[in-house]
Amino acid sequence: MSTPVIVSQLQTMFQQLNASNCHSGLIEAVYAPNMVFEDSFHRIEGTDAFCDYCANLYQNLSYCRFNFERCISQNNEAMLTWTMDYAHPRLRGGKNISVEGASLLRFDDKITYHRDFFDGGKLLYEHVPVLGSVIRKLKSRLA
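Residues 1 to 143 in full-length UniProt numbering are what the sequence shown lists, from first letter to last.
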C-alpha cells in the first residue's frame, strides 16, 4: 500500500523543520488550522499553538532528526513508525538520544489529528541526572 501524499508531505516537513522555520508556513502547509496534536506530555489544538510548541522545542535542541520507517494507511488514517535522534545540551551530556515511536494520523486534505506514541522514559526521564539512574534501576528490576 502506498504512502498517502499528505503523509509524505509530513515526512518532508519534519526533515526540514528547525528552530528558525517553525513559523514559515511549513507546518500550515501540512496541518489543518483546527488540528489536534497529542503525545505523552501535551495536547495542542490549532496550528498557531503547534507552531509555537515546535519553535520552543527546536530552540532548546542541538539537533533533531527523524528516520521514517513504515507507513500503514487505510481510508483517511495512517500509522507511521519512526526513530527520532536528538540532542539536548542538558540531557545525557549533550550526546545523541535515540527514541522509537509511532504516529497515528487522521487527515482529509491536511492532517487534522496527530497522536505520537513513544516511551517517555527513553525520550526524557532516563536522561535527567539522578532521576535517570533511578528509572533505569526500576526498569532492570521489572525485567
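Hint data in this document are derived by calculation from the structure and do not stem from the laboratory.
Please note that the accuracy of each hint is not assured.
[As the list claims (entries may be wrong)] Computed cross-link-like contacts, DMTMM-like style, restricted to lysine to aspartate or glutamate with a CA-CA straight-line distance of at most 20 Å:
#1 K95 with D109
#2 K95 with D48
#3 K110 with E77
#4 K110 with E28
#5 K95 with E28
#6 K95 with D119
#7 K110 with E38
#8 K110 with D52
[Said to hold, decoys possible] Label pairs and their in silico Cβ distance ranges:
#9 G25 with D119: 30 to 36 Å
#10 M79 with R43: 18 to 24 Å
#11 S40 with R90: 24 to 30 Å
#12 S20 with M79: 16 to 22 Å
All residues carry an ideal CB built from backbone N, CA and C; glycine is no exception.
A quick look at each hint next to the structure:
1. K95 with D109: Violated. K95 to D109 sits at ~38 Å, over the 20 Å cutoff.
2. K95 with D48: Answer violated: K95 to D48 is near 31 Å, above 20 Å.
3. K110 with E77: holds, 11 Å
4. K110 with E28: Distance of about 9 Å is within 20 Å: holds.
5. K95 with E28: Answer violated: K95 to E28 is near 31 Å, above 20 Å.
6. K95 with D119: holds, 18 Å
7. K110 with E38: holds, 17 Å
8. K110 with D52: Distance ~19 Å between K110 and D52 Cα, so the pair holds.
9. G25 with D119: 30 to 36 Å: holds, 32 Å
10. M79 with R43: 18 to 24 Å: Between M79 and R43, where Cβ atoms are some 19 Å apart, the hint holds.
11. S40 with R90: 24 to 30 Å: This hint is violated: roughly 20 Å between Cβ atoms.
12. S20 with M79: 16 to 22 Å: violated, 30 Å
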